[in-house]
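Undergrad: The residues making up each chain are set out below.
Protein chains: 2
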Amino acid sequence: MLSDIEICRSSALLPIANVAIQAGLQDSEYHSQGQYKAKVSLDSLKRLQTNPTGKLVLVTAITPTPLGEGKTVTTIGLAQGLAKLKHSVMACIRQPSMGPVFGVKGGAAGGGYSQVAPMEELNLHLTGDIHAVTAAHNLAAAAIDARIYHEQRNGYDDFEQRSGLKALRIDPKRVVWKRVMDHNDRALRMVTIGRNEEGKTINGYEREDGFDISAASELMAVLALASNLKDLRNRIGRIVVAYDLDGAPVTTEDLQVAGAMAVSMKEAIEPTLMQTLEGVPTLIHAGPFANIAHGNSSIIADNIATRLSDFTVTEGGFGSDMGFEKACNIKAQMSGKAPDCAVIVATLRGLKANSGLYDLKPGQPIPDTLFEQDHEALKAGFENLKWHINNVNKYGIPAVVAINRFPQDSEEELLQLKAMIEMLPNNVEVAISEGFASGGEGTLDLAQKVVLQTQRKVTFTPLYRLEQTTEEKLMAVAEAGYGAASLTLSEKAKQQLAEFKKHGYDNLAVCLAKTPLSISTDGSVKGAPAHFDVPVRELKLCAGAGFIYALCGNVMTMPGLPDKPAFMNLDLDEDGHIIGLS
Amino acid sequence: MLSDIEICRSSALLPIANVAIQAGLQDSEYHSQGQYKAKVSLDSLKRLQTNPTGKLVLVTAITPTPLGEGKTVTTIGLAQGLAKLKHSVMACIRQPSMGPVFGVKGGAAGGGYSQVAPMEELNLHLTGDIHAVTAAHNLAAAAIDARIYHEQRNGYDDFEQRSGLKALRIDPKRVVWKRVMDHNDRALRMVTIGRNEEGKTINGYEREDGFDISAASELMAVLALASNLKDLRNRIGRIVVAYDLDGAPVTTEDLQVAGAMAVSMKEAIEPTLMQTLEGVPTLIHAGPFANIAHGNSSIIADNIATRLSDFTVTEGGFGSDMGFEKACNIKAQMSGKAPDCAVIVATLRGLKANSGLYDLKPGQPIPDTLFEQDHEALKAGFENLKWHINNVNKYGIPAVVAINRFPQDSEEELLQLKAMIEMLPNNVEVAISEGFASGGEGTLDLAQKVVLQTQRKVTFTPLYRLEQTTEEKLMAVAEAGYGAASLTLSEKAKQQLAEFKKHGYDNLAVCLAKTPLSISTDGSVKGAPAHFDVPVRELKLCAGAGFIYALCGNVMTMPGLPDKPAFMNLDLDEDGHIIGLS
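Taken in sequence, the protein lines are chains A and B.
Heads up, the first sequence is in numbering that gives the first Met the number 0, so the first residue is 0 and it goes up one at a time.
Heads up, the second sequence is in numbering that gives the first Met the number 0, so the first residue is 0 and it goes up one at a time.
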C-alpha cells in the first residue's frame, strides 16, 4: 500500500473555492489561502444563524493504546461515508501540533484513504493559528517579566512616576503563566530565566520558569471555546497570569496586554476550510489537549458546520472518559449544542491491550502476538468497551461502535466482536469501519448506523451544572463520570479551592487532567476499573477558558523527543516535494 | 493628519490578483493568501530567467538616529513616484519582526501615504515566514538537546546499540545554536535549560543557553541569501550548531534535522506579494538584522522583481556603512547583481543629531530644539552625509540624496541643505522627498533623479573577494570600508580564526556587527570619525548563510520591552478592527 503522503499527493483535489461552494459558503464568506485552504469569515454566522442546526456526531474511543485507535481516520472516513450516502456533511477536527509531527506520533490528518488534504499543509504550519496562539501567549509572558523588571529596577514609586502606570507588584514566585513552544523540547520543561552574565545586570532578575507545548496554552482552550471575536477578547482579558504580593490575581487586562494578544489571534479565530481526499468540506480549528484542556475542536467551527450541513462529524481526544466527557460537560454547556450521537472507535488490538495482557509503548513495534486470535484477551478487554458504551449513554446520547479494521485483523475475530456488541442490552449499533483501506466506501455501514442513531431523541444530561461548587463538580466527574469510589483533594488543592472561591472563581467548569491510558488515574490499570480513588494533586485556574483543571497524577505538558525522532525521515525530494511524512 | 492605520484602512486596495497581473505574473505563478496577499511561486523564475534585468535601486541612509530616518517611507514613496512617472516598478522590503511592533519602534510598513498595505497584516503574522524560521530554528535546538540527553543517558555505546545511530558526542559546553523567539523578551537573553525539579531527572542535564529574537537566526540570513529551494536545503545542512568533544563541528546534517528544517521553511522561501497604498506591487521577504547579518531583503525577491519590472526599489538596514556595505560585499557577491543606484536618505534632524550636539534616545520624545534652525549643527552633521556619499561612490555606484521632509522642518533649512549637496564635487543628485505627506506625488523629483543616475554606467567594485583570507576581508571592511586606522582581533577572535580555517571555513564573506549609531564602533562618536580602531571581540561562524560575523562592541540580539510598551495601545474596536498600530 502507498504511504499516507503518497496517497494524498496522488489524489485529485478540488480548488478550495469549489469546496467552499459545496459547503454552502458565499464568496464573501471565505478567503482562499493558497489553492487548498481558506479562512472562513465569522461574518458567515450572521447569515447562517437562522439556519436549522444539523446533527452533531462526536467520535470518541475506547481507552486507547499509546498508538491510538484511528479516531481521526474514522472521523474522516465516516464523513466520507455519509457523503457517499448523499447526505450533506462536514467534518471538524483539531489542528495538529508540530511537536508530535516531528517527534514520535507523526501527523494527525487521518490516514490511508481517509485523510484531510493536503496532509503536509495540515500537519505543518496550516494557516498559522498555532503560531498566533504561541505569539500571543509569549507576548503575555514577556509583558510579565518586563513589568516585574521595570517595577523592581528602582522601586515601585520610581516606576509609577516614570511610567505613569500603577505598579502591579507581581510576586515573582507566583507567576503562573509559563512560556510555550510548538515543539517537543524536553530541555525547556524547567528553565531559569532572567539570568545575568557575570558582571552584567541588564537581564533583570532570575526566576524559575518553564515551557509547555503550545497546545497546552490556555489560549488554545480559549480559542476553542470562544463564540466570537468579542468573546475571545473578553476571555483573554480574564486570564490570570500571576498573583501580586498581597495574593490578589493579576490578569492580562491588568498588564494592558490583552488587546494586543487578541490582535495577534484575530485571524486565528477563523476556522480553516480544507477537504478530505473525497472532497468533503472539513473545518480545522484550534487544538487543545484532552487532559489539561477539553480536547475538542472549536465551538465556532461546529457552529458554522452544523448550520451549513445536515451532519457534522467531529472528534474528542482520547477515550470517552476524556475528550467526550469534556465535550459534554465543558464544551456543550458553553455552546448549548450537545452531540446527537457518539461513535466509539474500538480496535481488536486496542481491546486486547485493555485486557492488561500486553504492554504497548509509543515508538516501539506492536508485538505480533497482538494480532493473533486471542479470545481471552478480547473478552477481558471487552469490559472496557462496555464501560465506554455505558458512559456515552449516561449523558443520554445514542452510541455507535465503529470497529476500526487493521489489515492484520482476523475476519473471524472481527465478526465475533461485532456479535458481542450486538448482544448488549444497550440500544447500541455497531459497524466494521474500513476508512483507512477504502475511504468512504469502507464506512457505508457505519454511516447508515450513525444516521439511524441520530434519529433518536436525545435528552442530554451533563454530569454537573456550573452553579454547583467546584468540589461537587470534581466529584461528579470522578464518581458519576469515571465510576470512582472517591475523590481526594490534597492539602494544596484544598487551599487552592479556597483561594479561587475567595477571588470569585467558583462558577467555572472543571477539567480533570489524568492519564488517557486508563479510566482510572493509574495508566497501568486496564479494562473497566472500579473501587478506585481519584487523587487531585493540584488545581490550575483557567479563568479565560472558563474552567479549573485538576491534576490527577503526572500530566506531561511538554513532551520530549525520542532517540530517533520522526524528523529524521523528513526531507525535500529533487522536485521540492516533502518526503517521509506520515 | 490621520494615523498610519487610519490612512491605510481608508485607502482603496486592489484585489491581489490585479496586483499580480500588473506585476506581470501569470495565474499559476502565485497563490492568493486572503484578499491582499499572495505567495509568489519560485516556478515563475523558470519563465522569467531569460527576461532582461531591470535596474536595482538600493535605499540606504546617513548614520541614523535611534528613531530612524524614514528609509522605508522613502523606499515605498520612491516606488510610487517612479510608478507615477509611468515606469514599471516593484518594491522589495524585509518582513518586520513582531518584537519591535509590540515593543518600542512600532510597525515597519513605511508611514503616512507611503505604506505597504494592509499595514496590520505586514506588521503581524503576514504569511507566517518568520514563524516558519522560528519553528525550523527551534526544531534544531530541540534536536541538539534531545541528542545530548539520549547519548548521555546510558553512555554512547548504549545509545548506538539502542538507536542504530552513531553517537555525535556533542560537547554541551560548546553548543553554538541558541533558541529564538519573535518577541522582545529580555528575560530570555540568558537562561539555564534542562533543569530538574527536585527529585526528578527526566529533564536531562542543565546547561547555559539563551534566546535571540527570530530575525537574528542564521536561518533568516539563509532565507535571504538562498537562490532556490535546493540551495536553501543545502545551506541549512551546512549550519554548524555545536562542536563535539574533539572540537570538530557538528552540523544540522549530522543531526539529521536539516531536511525537516527545510520542510518547515518550504513555504517561507516564496516571497509575499502585497501592494503600496498607490498599488505598486511589493515583495516582502525575509528580515535579517543589519548587524549580525546582512540586513537586506532576499535575493529571490530581487531576482523576481528585477525580471518583472524596469525598476526595483529595495532597502538595506541602517546607514551605508551597515546594510549597504553588506548588500554590496555579501549579497551582491552571492547574487551576481549589484545595485545600479543608491538613494541616501538624510533628514535635517538626523544630520543635526550627527553633529553630536543632541542626544536622542529611542522611546523618548525628540527635543523641540532639534527642529529649530541651527546652521552650526547642520554643518557639523553634514560631514556624515558627505561620508556616506563617498562611501557609496567607493563601490562605483551612483548616489541620490533623498532629503526626507518632516512636517516641522523649515523650508529655508531644507533648501540650504539641498544647496550644500549640489555644491559637492561628486556626481551626486539630490531631491527633497515628501513620500510621507504626499505619497508618489511627493517623490516625483526624487524619482526623476533616480532614473537619471541609473543611466550611468556602473563599475561595481566590492571591497574584497571571497578568496582572500578572513583577516584580509575583515580589514578591508574596517579600513577601506569604514575608514578606520586599524582592526584589532582579540585573542579569542584569533583563536577562532585559526579554528575556522582548520575546519575549512576560509572562503566565506565577512559581516561586521557593530553599532549603527556611528560609522565607528563607538555609538557616541558622531559625524565622520577618522583614526579609530575596530576592535573585534569575537567571531561567529554562519556556514549556512555563508559568512563569518565579527562582534565589534556589544550587539544586542534580544531586545527588551520598555516601561510602557507599544502593545499597551493595541486592541480591537467594536467592529473587530485593529486600533493603536503605527
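Just so you know, the hints here were simulated from the structure itself, not pulled from any lab data.
Owing to the predicted nature of the structure, the values given are computational and were not obtained by experimental measurement.
Hints may be right or wrong, so weigh each one.
One copy or any two copies: either way a pair holds, since identical chains are not told apart in the list.
As the list claims (entries may be wrong) - Taking lysine-lysine and the DSSO-like style, the derived pairs with C-alpha atoms no more than 30 Å apart in a straight line are:
#1 Lys563 to Lys85
#2 Lys563 to Lys393
#3 Lys501 to Lys491
#4 Lys229 to Lys539
#5 Lys229 to Lys501
#6 Lys360 to Lys165
Undergrad: Can you give the numbers of the hints that this structure goes against, from lowest to highest?
TA: Of the numbered hints given earlier, those the structure breaks are 1, 2, listed in rising order.
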